[in-house]
Amino acid sequence: MSETIKRAGVLLLIGAVLGCSKIPPPKELVTARADYAKAQKGLAAKLAPADLDTAKQALDAAEAAFDAEPEEQRTRDLAYIADRRALLAEAAGGTESANRRREAAERAYKEVTQTELKLARAKVAKSKEQLEKERREREKAEVARDSAERARASMEKDLRAALDSIKEIASIKEEARGVVITLSGAVLFASGRATLLPIAKSKLDQVAESIKHQGSKKLIVEGHTDSVGPITANMRLSQQRADAVREHLIGRGIPSGDITAVGIGPDRPVAENTSPEGRANNRRVEIIVK
Amino acid sequence: MTSITRFVHAHAVCVAAVLTGCGGAPSPVDQLATTQGSIRGAEEAGASGEPDAALHLKLAKEQLGKAKTLMQDEDNEEATRLLQRAESDAELARSLARRHSAEADASEAQAEVDKVKGAGP
Chain A
1 MSETIKRAGV LLLIGAVLGC SKIPPPKELV TARADYAKAQ KGLAAKLAPA DLDTAKQALD
61 AAEAAFDAEP EEQRTRDLAY IADRRALLAE AAGGTESANR RREAAERAYK EVTQTELKLA
121 RAKVAKSKEQ LEKERREREK AEVARDSAER ARASMEKDLR AALDSIKEIA SIKEEARGVV
181 ITLSGAVLFA SGRATLLPIA KSKLDQVAES IKHQGSKKLI VEGHTDSVGP ITANMRLSQQ
241 RADAVREHLI GRGIPSGDIT AVGIGPDRPV AENTSPEGRA NNRRVEIIVK
Chain B
1 MTSITRFVHA HAVCVAAVLT GCGGAPSPVD QLATTQGSIR GAEEAGASGE PDAALHLKLA
61 KEQLGKAKTL MQDEDNEEAT RLLQRAESDA ELARSLARRH SAEADASEAQ AEVDKVKGAG
121 P
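Listed in order, the protein sequences are those of chains A and B. For what it's worth, my numbering labels the leading residue of the first sequence as 1, then goes sequentially. For what it's worth, my numbering labels the leading residue of the second sequence as 1, then goes sequentially.
These are calculated hints, taken from the structure and not from any lab test. Careful: at least some of the hints might be erroneous.
Unchecked claim - Here are the simulated DSBU-like cross-link-like pairs (lysine-lysine), alpha carbons at most 30 Å apart as the crow flies:
#  : chain 1 : residue 1 : chain 2 : residue 2
1  : A       : Lys38     : B       : Lys115
2  : B       : Lys68     : A       : Lys128
3  : A       : Lys46     : A       : Lys133
4  : B       : Lys58     : A       : Lys41
5  : B       : Lys117    : A       : Lys38
6  : A       : Lys110    : B       : Lys68
7  : A       : Lys27     : B       : Lys115
8  : A       : Lys118    : B       : Lys61
9  : B       : Lys115    : A       : Lys56
10 : A       : Lys157    : A       : Lys133
11 : B       : Lys117    : A       : Lys56
12 : B       : Lys68     : A       : Lys27
13 : B       : Lys66     : A       : Lys56
14 : A       : Lys46     : A       : Lys22
15 : A       : Lys27     : B       : Lys117
16 : A       : Lys128    : B       : Lys61
Predicted, not measured: the structure shown is a model, and the values here were computed from it.
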């Protein structure tokens with residue numbers, strides 16, 4: 001037999017003897033098998049397939065070494081390494097799982113905060129809108145108030161101006177029955193007559209204007225006399241004078257329905273009829289503005 | 001002794017050599033560098049902060065230490081084995097450390113979500 005064939009025969013014999021014996025696997029290999037099985041069942045299969053594959057290859061190398069040389073240190077070393085690789089694959093699967101959970105949480109966080117931001121912004125916009133609306137309404141009300149105020153002030157001014165202008169010939173008093181404009185009889189009429197003097201007409205025009213500005217006001221024109229002479233004559237004269245004033249005011253635009261004329265005669269004196277001044281004061285026309 | 005037995009005895013060393021590849025192995029300087037790199041990687045990943053990772057980091061360092069001594073004694077085959085084991089422990093330590101960090105980050109992110117959801121309108 002040649003040396004080569006003899007050598008091959010010896011090797012085969014040793015291999016057969018060693019390979020066929022029922023030698024239990026080293027604890028490193030047992031552990032490696034268990035850890036690989038665990039890794040394979042877990043997250044690594046889906047989430048860390050490359051690392052799991054590396055672990056499988058390491059385990060296969062250990063198994064091959066165990067088949068060839070079950071009691072050698074090399075088998076135990078390969079099994080040790082295979083075990084570590086299996087544990088690594090499992091850890092890698094866990095890492096990837098945690099990464100995905102983190103990413104999902106980050107997305108959810110973004111979504112929630114964006115939603116909340118949107119809601120908050122909408123709320124702010126709505127309150128702004130509401131405030132703006134209220135402001136505009138307040139402004140409108142203020143403007144309305146201002147213009148009403150201005151109108152009233154202007155009317156007051158007009159009336160005062162008008163009344164001021166007739167102050168020389170009239171006195172104005174506010175009484176319970178209304179604003180009473182008292183015009184002296186001597187200024188309005190010639191003695192004993194019921195025809196308005198020219199200057200009286202222009203003064204009454206001013207009175208008419210200022211009264212018209214007030215809006216529709218009810219007017220009573222009262223004619224008064226002193227106590228000199230017969231009552232019937234005084235009654236008639238005072239009525240005529242009141243009518244004359246009334247007609248003139250109607251001519252200047254006061255609606256006829258708003259103004260009445262009445263002759264009072266001597267019955268409501270404002271002064272003593274015993275003196276000339278007193279009698280002059282009693283001879284008057286009163287326009288009561290209600 | 002039979003001729004076969006004598007043959008086996010004569011060639012035992014060679015057979016052993018074929019099977020185990022011992023003696024005359026080169027100094028594993030490359031493997032040393034690789035293993036040291038893996039250990040650094042594990043430390044940088046925070047392996048000392050997690051019990052399982054710390055354990056494997058410790059194993060890696062111990063085996064590295066032993067391997068260095070063996071290299072001084074030129075027992076390169078044994079040194080290589082230990083360095084390879086150490087490398088696998090260090091890589092595992094790094095992976096465990098990374099999982100630990102990733103889980104902490106995931107918990108923190110979830111806590112943030114729960115906070116904003118809880119404080120919502």
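Status of the hints after comparison with the structure:
no. : hint                  : in the structure
1   : Lys38(A) x Lys115(B)  : 36 Å, violated
2   : Lys68(B) x Lys128(A)  : 76 Å, violated
3   : Lys46(A) x Lys133(A)  : 60 Å, violated
4   : Lys58(B) x Lys41(A)   : 28 Å, holds
5   : Lys117(B) x Lys38(A)  : 37 Å, violated
6   : Lys110(A) x Lys68(B)  : 52 Å, violated
7   : Lys27(A) x Lys115(B)  : 49 Å, violated
8   : Lys118(A) x Lys61(B)  : 55 Å, violated
9   : Lys115(B) x Lys56(A)  : 43 Å, violated
10  : Lys157(A) x Lys133(A) : 35 Å, violated
11  : Lys117(B) x Lys56(A)  : 44 Å, violated
12  : Lys68(B) x Lys27(A)   : 26 Å, holds
13  : Lys66(B) x Lys56(A)   : 28 Å, holds
14  : Lys46(A) x Lys22(A)   : 36 Å, violated
15  : Lys27(A) x Lys117(B)  : 51 Å, violated
16  : Lys128(A) x Lys61(B)  : 67 Å, violated
In terms of the numbered hints stated before, the structure departs from hints 1, 2, 3, 5, 6, 7, 8, 9, 10, 11, 14, 15, 16, listed from lowest to highest.
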